[in-house]
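Q: Listed here are the chains, written in short residue letters.
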Amino acid sequence: MEEKSVEKVEKIIEIEKLKVETKDKVILDEVDLNIFKNSVNTIVGPSGSGKSTLLKSLNRLLDMDTSMDVSGDVLFEKRNIRDFDPVELRREIGLVFQKPNPFPMSIYDNVAFGLRIQGKKLKKEDMDKMINQALGDADLYEELEGKLKQSGTSLSGGQQQRLCIARALVLRPKVLMFDEPTSALDPIAKGKIVDLIRALKQKYTVILVTHDMNLTRRISDYTNLIYDGKFVAKGTGSEFFESEIEEVRTFLEEAD
Amino acid sequence: MRVTNSYVGKQEELKWKKVSTRKIKDKIANGLSYVVLGAMIAILASIFIYILNAGASHVTWKMLSTYGNTSSGGVLNAIVGTWMLVGMGLLFSIPPSLLGALYIVNAKSNGTISMAARLFTDVLTSVPSIVIGLFAYLVLVIKFGMGLSLVAGGLALSVMMLPYLLRIIEISFRNIPKEQIENAYALGADDIRVASRVYLPQAKVGILSGILLAVSISAGETAQLIYSAGFNNALPTGFLHSEVAYLTYVVWTGINEPTAYSHYVAFASAMILILSVTGLIIISKYIVRRK
Numbered sequence: 160m161e162e163k164s165v166e167k168v169e170k171i172i173e174i175e176k177l178k179v180e181t182k183d184k185v186i187l188d189e190v191d192l193n194i195f196k197n198s199v200n201t202i203v204g205p206s207g208s209g210k211s212t213l214l215k216s217l218n219r220l221l222d223m224d225t226s227m228d229v230s231g232d233v234l235f236e237k238r239n240i241r242d243f244d245p246v247e248l249r250r251e252i253g254l255v256f257q258k259p260n261p262f263p264m265s266i267y268d269n270v271a272f273g274l275r276i277q278g279k280k281l282k283k284e285d286m287d288k289m290i291n292q293a294l295g296d297a298d299l300y301e302e303l304e305g306k307l308k309q310s311g312t313s314l315s316g317g318q319q320q321r322l323c324i325a326r327a328l329v330l331r332p333k334v335l336m337f338d339e340p341t342s343a344l345d346p347i348a349k350g351k352i353v354d355l356i357r358a359l360k361q362k363y364t365v366i367l368v369t370h371d372m373n374l375t376r377r378i379s380d381y382t383n384l385i386y387d388g389k390f391v392a393k394g395t396g397s398e399f400f401e402s403e404i405e406e407v408r409t410f411l412e413e414a415d
Numbered sequence: 331m332r333v334t335n336s337y338v339g340k341q342e343e344l345k346w347k348k349v350s351t352r353k354i355k356d357k358i359a360n361g362l363s364y365v366v367l368g369a370m371i372a373i374l375a376s377i378f379i380y381i382l383n384a385g386a387s388h389v390t391w392k393m394l395s396t397y398g399n400t401s402s403g404g405v406l407n408a409i410v411g412t413w414m415l416v417g418m419g420l421l422f423s424i425p426p427s428l429l430g431a432l433y434i435v436n437a438k439s440n441g442t443i444s445m446a447a448r449l450f451t452d453v454l455t456s457v458p459s460i461v462i463g464l465f466a467y468l469v470l471v472i473k474f475g476m477g478l479s480l481v482a483g484g485l486a487l488s489v490m491m492l493p494y495l496l497r498i499i500e501i502s503f504r505n506i507p508k509e510q511i512e513n514a515y516a517l518g519a520d521d522i523r524v525a526s527r528v529y530l531p532q533a534k535v536g537i538l539s540g541i542l543l544a545v546s547i548s549a550g551e552t553a554q555l556i557y558s559a560g561f562n563n564a565l566p567t568g569f570l571h572s573e574v575a576y577l578t579y580v581v582w583t584g585i586n587e588p589t590a591y592s593h594y595v596a597f598a599s600a601m602i603l604i605l606s607v608t609g610l611i612i613i614s615k616y617i618v619r620r621k
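These protein sequence lines map, in sequence, to chains A and P.
By this note's numbering, the letter at position 9 of the first sequence is numbered 168, and the numbering carries on one by one without gaps.
By this note's numbering, the letter at position 97 of the second sequence is numbered 427, and the numbering carries on one by one without gaps.
Chain A on its own, in the form it takes in the complex:
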């Protein structure tokens, strides 16, 4: 079933024999994976299977951890990520974490954080425009209009998570990665994030890590199952769920 239906879709990231290991454990074992442009690319798998490590290796956040040894290649738009300045790469490949964690500053400053750290002097009007655009893309603008001076930490969990999404979107990344974005949220907040991710794929490439199979069923275009650091199944949404591969069946049964 491997990628037979996706040959014509443009690949934005190509992972080749990526291996991540510590002194005593192999976390990702020479994995190969393609990430397709303007699609929701989902990585599912049990806890500890290497999903989050994979995300962090794509924007080189793993460089921060000296205990991890990384080998193999990741090509972003045909260029090896090792040839990028990590700071530049992280602006191109945004990451939204599992737990909403706005900085203890105003909503405006939270969204402006990424722009300000670039050191570029933006005019106030341009900055405001970009922030409003990002808040709009994260479906927050209407809810928070006129309240941008309020602290980001005073928002509800769901709003905080969308604020974190806006904070990543303001940098206009090409790829946006979500690490279990709904696991800390209530069903209503979760529903909004799901709708948002679905809308975001029009403009961005989405990589979604989750073990929520309902969420995967609803929004995933390409689903990849990782087990003990290896991909055991890859396919488009329907192919994946109909797959007869033993690990897929077991995982789906356990997840349900």
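For the record, the hints were derived by calculation from the structure and aren't laboratory data.
Honestly, I wouldn't trust all of these hints.
Said to hold, decoys possible - Here are some chain A residues pointing at chain P (derived, C-beta under 10 Å):
hint, residue
1, Asp224
2, Thr225
3, Arg249
4, Arg250
5, Glu251
6, Gly253
7, Gln257
8, Pro261
9, Phe262
10, Pro263
11, Met264
12, Phe272
13, Arg326
14, Pro346
As the list claims (entries may be wrong) - Which stretches of chain A does chain P cover? Using the computed rule of at least three CB atoms under 8 Å from a CB of chain P, they are:
hint, region
15, 213-223
16, 273-282
Stated by the list, open to error - Taking lysine-lysine pairs in the BS3-like style, the calculated list, with each CA pair at most 25 Å apart, reads:
hint, chain 1, residue 1, chain 2, residue 2
17, A, Lys176, A, Lys237
18, A, Lys258, P, Lys438
19, A, Lys306, A, Lys349
20, P, Lys534, A, Lys308
21, A, Lys184, P, Lys508
22, P, Lys345, P, Lys355
23, A, Lys258, A, Lys170
24, A, Lys288, A, Lys351
25, P, Lys438, A, Lys178
26, A, Lys170, A, Lys360
27, P, Lys340, A, Lys184
28, A, Lys306, A, Lys237
29, P, Lys508, A, Lys349
30, A, Lys351, A, Lys258
31, A, Lys349, A, Lys258
32, A, Lys182, P, Lys615
33, A, Lys362, A, Lys237
34, A, Lys176, A, Lys196
35, P, Lys534, P, Lys615
36, A, Lys196, A, Lys306
37, A, Lys184, A, Lys288
38, P, Lys340, P, Lys353
39, A, Lys178, A, Lys237
40, A, Lys182, P, Lys534
For glycine and all other residues, C-beta sits at the position ideal for the given N, C-alpha and C.
Once you've looked at the hints, dock chain P against the given chain A.
A: Chain P in isolation, oriented as in the chain A frame:
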């Protein structure tokens, strides 16, 4: 049925006994804590009252606004000198403490170096101040030719301030959620931006309380300053080769002199020192609580 009842009864009795023993133990522990707390307050209060009694009535504006020797002059030189030395100590200890703490908390740092830095600062906390003074005398005053001076005194104080500052700043940095640091990196921040935009603003209360603690500890130091700052009946005229006065020295020498005025000066100096340090501690507690 009877068996069950008697079993339940025994269980109830045992439970009651356990609860009552626990309550008695709790009362004893509470009582002991109050006794210890009361003793500590009594000791501290008696020192306060004694010094205030002995010093307060003799403090005059002239004593605070003039300088000279302890048998006839004021203590302006010692008040100014103390804060100049403390300020100099902070100048030399804050930058390395901040950089050291940033290094230790940075995930990319070499673990062995971080561990060595922590061990080194822990050891430094327990080095007697007279040893630091002697070291400052031999190295700074003699070897580097600074003479007994503000810079040598400030450096000697900074050696003592450094471990406290480093440890408190490190703890303040570690209190920042790890996810926020990761998030800042994920948004494209480099190490310098993460330090200036995340670590420093979020740890500022901790850093400030660390500074106030270091100030209050170092303002009461004498031993290392005797060997590094000397003493001066006037204000220092420069950073090097010009001795500096400080309040603890006035307390020490004033009380050993035979005139009543010298004793007043000593108690007045002790009072100024205690009140300013208490003030600083109260301010730092207030700042931390406000957070």
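Q: Hints first: check each against the structure and report whether it holds.
A: So, going through the hints one by one against the coordinates:
With a cut of 10 Å, the hint placing Asp224(A) at the interface with chain P holds, because the nearest CB-to-CB distance is about 6 Å. Annotation: interface hint on Thr225(A) holds; nearest CB of chain P at approximately 6 Å, less than 10 Å. For Arg249(A), the suggested interface contact is upheld, since its CB lies about 4 Å from the closest CB of chain P, less than 10 Å. Restraint check, Arg250(A) versus chain P: the minimum CB separation of about 4 Å is within 10 Å; hint holds.
At a threshold of 10 Å, the smallest CB-CB gap from Glu251(A) to chain P is about 9 Å, leaving the interface hint in force. Given hint, Gly253(A) at the interface with chain P, holds; its Cβ is 7 Å from that chain's nearest Cβ, closer than 10 Å. A distance limit of 10 Å between C-beta atoms decides the matter here; for Gln257(A) the minimum to chain P is near 8 Å, and the interface restraint holds. With a least beta-carbon distance of about 9 Å to chain P, the hint placing Pro261(A) at the interface is held under the 10 Å criterion.
The beta carbon of Phe262(A) is positioned within 10 Å of a beta carbon in chain P (closest approach about 6 Å), and the interface hint is therefore held. Taking 10 Å as the C-beta cut-off, the interface hint given for Pro263(A) holds, the closest approach to chain P being about 7 Å. The beta carbon of Met264(A) is positioned within 10 Å of a beta carbon in chain P (closest approach about 8 Å), and the interface hint is therefore held. Taken as an interface hint, Phe272(A) checks out: its beta carbon lies about 6 Å from the nearest beta carbon of chain P, inside 10 Å.
Using the Cβ-Cβ criterion of 10 Å, the hint placing Arg326(A) at the interface with chain P is satisfied: the shortest such distance is roughly 7 Å. Interface restraint check: Pro346(A) against chain P, minimum CB-CB distance 23 Å, threshold 10 Å, status violated. Interface restraint, the region 213-223 of chain A with chain P: holds (4 residues with C-beta to C-beta distance below 8 Å; minimum three). Evaluation of the coverage hint for the region 273-282 of chain A: fulfilled, as 4 residues show C-beta separations to chain P shorter than 8 Å, against a requirement of three.
A hinted pair counts as satisfied when its Cα atoms are at most 25 Å apart, and Lys176(A) with Lys237(A) qualifies at roughly 15 Å. Distance check on the hinted pair: Lys258(A) and Lys438(P) sit about 23 Å apart at the alpha-carbon level, within 25 Å; holds. For the hint pairing Lys306(A) with Lys349(A), the CA-to-CA distance comes to about 23 Å; that is within 25 Å, so the pair holds. At roughly 21 Å between alpha-carbon atoms, Lys534(P) and Lys308(A) fall within 25 Å of each other, so this suggested pair holds.
Restraint check for Lys184(A) and Lys508(P): the C-alpha separation of about 23 Å stays at or below 25 Å, so the hint holds. For the proposed pair Lys345(P) and Lys355(P), the alpha carbon gap of about 15 Å is at most 25 Å, so the pair holds. A distance of roughly 29 Å separates the Cα atoms of Lys258(A) and Lys170(A); the hinted pair therefore is violated under the 25 Å criterion. Taken as a hint, the Lys288(A) and Lys351(A) pair is honoured in the structure, with Cα atoms around 23 Å apart against an allowance of 25 Å.
Between Lys438(P) and Lys178(A) the alpha-carbon distance is near 20 Å, which keeps this suggested pair within the 25 Å criterion. Annotation: proposed proximity of Lys170(A) to Lys360(A) holds, straight-line Cα distance about 14 Å (limit 25 Å). About 54 Å separates the Cα atoms of Lys340(P) and Lys184(A), which puts this hinted pair outside 25 Å; it is violated. Proposed proximity of Lys306(A) and Lys237(A) is contradicted: the alpha carbons are some 42 Å apart, above 25 Å.
With a C-alpha separation of about 24 Å, the suggested pairing of Lys508(P) with Lys349(A) holds against the 25 Å cut-off. Taking the CA atoms of Lys351(A) and Lys258(A), the gap is near 16 Å; set against the 25 Å cutoff, the hint holds. Among the hinted pairs, Lys349(A) with Lys258(A) is consistent with the structure: their alpha-carbon atoms are about 13 Å apart, no more than 25 Å. Taking the CA atoms of Lys182(A) and Lys615(P), the gap is near 44 Å; set against the 25 Å cutoff, the hint is violated.
Of the supplied pair hints, the one linking Lys362(A) and Lys237(A) holds, its CA atoms being roughly 20 Å apart against a limit of 25 Å. Of the supplied pair hints, the one linking Lys176(A) and Lys196(A) holds, its CA atoms being roughly 21 Å apart against a limit of 25 Å. For the hint pairing Lys534(P) with Lys615(P), the CA-to-CA distance comes to about 14 Å; that is within 25 Å, so the pair holds. For the given pair, Lys196(A) sits about 35 Å from Lys306(A) by alpha-carbon distance, which is inconsistent with the 25 Å threshold.
Note on Lys184(A) and Lys288(A): the hinted pairing is violated, with a Cα-Cα distance of about 47 Å set against a maximum of 25 Å. Between Lys340(P) and Lys353(P), the direct Cα distance comes to roughly 20 Å. Compliance with the 25 Å bound is thereby established for this hinted pair. Among the hinted pairs, Lys178(A) with Lys237(A) is consistent with the structure: their alpha-carbon atoms are about 19 Å apart, no more than 25 Å. A distance of roughly 37 Å separates the Cα atoms of Lys182(A) and Lys534(P); the hinted pair therefore is violated under the 25 Å criterion.
The structure fails to meet hints 14, 23, 27, 28, 32, 36, 37 and 40 from the earlier list, while all remaining hints are met.
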